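**Student:** One-letter residues, chain by chain:
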Amino acid sequence: MNLMGGLQAALTPSYILFAVLGTGLGMLVGVLPGLGPAAATALLLPLTLSLDLTGSIIMLAAIYYGSQFGGTITSVLLNVPGEASSAITCLDGHPMAKKGKAGSALTVAALVSAFAGVVATIGIIVAAPLLSGLALRFGPPEMFALMVFATTLLMALAGDSLIKALMMGALGLLLATVGLDPTQGTPRFTFGIPELFDGLSFVPVVMGLFGLADIMTAIERRSGVVALHKIEKLLPTREELKRSSGPAIRGTAIGFFLGLIPGMMPAISSLLSYIAEKSVSRRPDEFGQGAVEGVAGPEAANNSHATSSLLPLLTLGIPTTPTIALILGAFMVNGIVPGPLLFRDHPEIIWAVIASFFIGNVLLLMWNIPLVGLWVSILKIPSSILYALIVVLMIIGAYAEYNSMFGVVLLVGSGMVGYWMKQLNFPVAPLVLALVIGPLMEQSLIRSLEMFPGNAAGMLARPMVMGLMLGSIAILIYFSLRSTGRFDKFVRQDSE
Amino acid sequence: MRLRFHWLKSISAAALVAFSIAVAYSASHMSIYSDFGPGAGLFPLVLSLLLAVLTLIWLFTPVRDSEIPEGLSRDGIARVATILLSVVFSIWLMPYLGFTLTSCLAIFVIMIVTGKHHIGFAAGLAAASSLGFLLLFQKGLNLALPVSQLPLLSSLGL
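In the order they appear, the protein sequences are chains A and B.
When we follow this note's numbering, the leftmost residue of the first sequence carries the number 34, and every step to the right adds one.
When we follow this note's numbering, the leftmost residue of the second sequence carries the number -15, and every step to the right adds one.
These aren't lab readings, by the way, just hints derived from the structure by calculation.
Wrong hints could be hidden among the right ones.
Label pairs and their in silico Cβ distance ranges [stated by the list, open to error]: (1) Gly104/B / Gln476/A: 32 to 40 Å; (2) Phe230/A / Leu(-8)/B: 30 to 38 Å; (3) Lys266/A / Leu43/B: 54 to 62 Å; (4) Ala490/A / Arg58/B: 55 to 63 Å; (5) Tyr80/B / Lys266/A: 27 to 35 Å; (6) Ile5/B / Ile414/A: 56 to 64 Å; (7) Leu43/B / Lys413/A: 40 to 48 Å; (8) Leu(-8)/B / Gln41/A: 52 to 60 Å; (9) Ala490/A / Leu43/B: 53 to 61 Å; (10) Ser83/A / Gly141/B: 38 to 46 Å; (11) Ile5/B / Arg377/A: 43 to 51 Å.
Looking from chain B toward chain A, a few residues come up when the C-beta cut is under 10 Å (computed) [as the list claims (entries may be wrong)]: (12) Ser4; (13) Ile5; (14) Tyr17; (15) Thr66; (16) Ser70; (17) Ser114.
Remember, it's a predicted structure, so these values are computed and weren't measured experimentally.
Ideal placement from N, C-alpha and C gives every residue a C-beta, glycine not left out.
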């Protein structure tokens, strides 16, 4: 099975239906402020057990990259980003809407996003076999070191406080130890509760941390009546399309490479793309006043980022964002561990999923351009109704995970913890990623220690392990100096 | 509000340290390392100690103004409590009343308290959506949702 085989599979009616559902749901969660792709993915995760695995992964991935499209609509029409990655689009997208160019802004955003998604998918097709071939040479010590490196990078980039990110990472890894230990099968922190023997399910935990906590935060600051800008003319002018082509290419490149870095959120790609466009533009004074380049670049960057961030998962088994960690979870609950062996052992799944990205991006164009009115109508539904329905959907999802109310208890507990974390500005992403990656990391560590009995430091004799560990330490030192302000002081002193 | 925030930080740090110590204590009673290699307690012991140290560092790190959250309004607290209590009551009620009636109640209460909708509209929408969810998940996706213990409702499959 290769790409052509995958394309044939992805074009079967059932997989197209999964892609339609995924992109539609992605658009919906992107449009709804307060409900992100992580909560939506967690909500649907229990269903992957009763649905076809390939179809489920196609749907979950489509939710992720589809949400990047959806977030733009509220940024342009309401000046409220549906997703963090669309926040920068408010700067020029909303002024365009004020000038009566909302349709142009949305169409340009959809076109460049689809372009970026397709280009990033081609990038994945080229890079994935190379990267997975390289990863096949990894032993348990290299895998452990890679996970440490990825987790460290993620914690360093999450939020504005390194110490809080590290705390959440440690808490997530600790929660991941609940259940039977991977070596001797000893129950750990199960308190005699049978549901905990398989570990703490991340479905209710993620729904609580992201979904319930987000709803509680959003409902706490209830917004008033939604005032939407009208969409008069949908098609952009030739001049606007011409001005968007350069930013689309540059944004795609920025997003693709930053998407490969664990912890680098799509919002960072959007921001860097915006800065790049402003710096290369011959009309920098137009930025912030409704420059189409300020919409095209960031939108291309965030969609390219969302697509390319799936590459480390598919080739190395390393999730780079909480939503991708949940996609990893979908593989794992079905007995498949993503990583280099995926291309060898399950090519029918992996190539169908990758090929579906092409279809998904075309579908998103349809969801966005002819059906934009549908999303505008959804935006007019009062949040109290939407939140009431979402809360019940979460209860169903949490119940389904354990087939008992224990899942709902976990949902409430996680929701309260998530709300507490938001009050204290703790980043949620490190906790979720550590919770998902924790069992894999512990297994790799144990296997590594077994390879070097009585001489754990022997692992460091392997060049890649040494390199990754030194890299992790360097990241920690750099970001701890930066978070305490000492790095800037040091640089200033040096330059003086 | 600043004083309250400092209290929240101190209480949170104390809770996290207590949690870490409890986990470390439990882990220390498991096998840490043996001739066969690492034991069940090694990973949690190291992590709990790390969490305790990190929490203490955080506790004594000065709070920046940007970290202090905005205060909560009384209405805001009421809305948050409604969401939370509706889920808590669902846990309690669902085994007795079944999924349909409990979710109908939860949707109705959330809509009335957080959206101040008309009672008739809220009741209608709550009933329609809970029945819709039942049909979608139980009939469509074959997911067994809790059925009421009340004879009348259980005879209707609700």
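**Student:** Hints first: check each against the structure and report whether it holds.
**Tutor:** Hint-by-hint comparison with the structure:
no.	hint	result
1	Gly104/B / Gln476/A: 32 to 40 Å	56 Å, violated
2	Phe230/A / Leu(-8)/B: 30 to 38 Å	34 Å, holds
3	Lys266/A / Leu43/B: 54 to 62 Å	57 Å, holds
4	Ala490/A / Arg58/B: 55 to 63 Å	58 Å, holds
5	Tyr80/B / Lys266/A: 27 to 35 Å	57 Å, violated
6	Ile5/B / Ile414/A: 56 to 64 Å	48 Å, violated
7	Leu43/B / Lys413/A: 40 to 48 Å	46 Å, holds
8	Leu(-8)/B / Gln41/A: 52 to 60 Å	56 Å, holds
9	Ala490/A / Leu43/B: 53 to 61 Å	33 Å, violated
10	Ser83/A / Gly141/B: 38 to 46 Å	20 Å, violated
11	Ile5/B / Arg377/A: 43 to 51 Å	46 Å, holds
12	Ser4	8 Å, holds
13	Ile5	12 Å, violated
14	Tyr17	9 Å, holds
15	Thr66	8 Å, holds
16	Ser70	7 Å, holds
17	Ser114	7 Å, holds
The structure shown violates the earlier hints numbered 1, 5, 6, 9, 10, 13.
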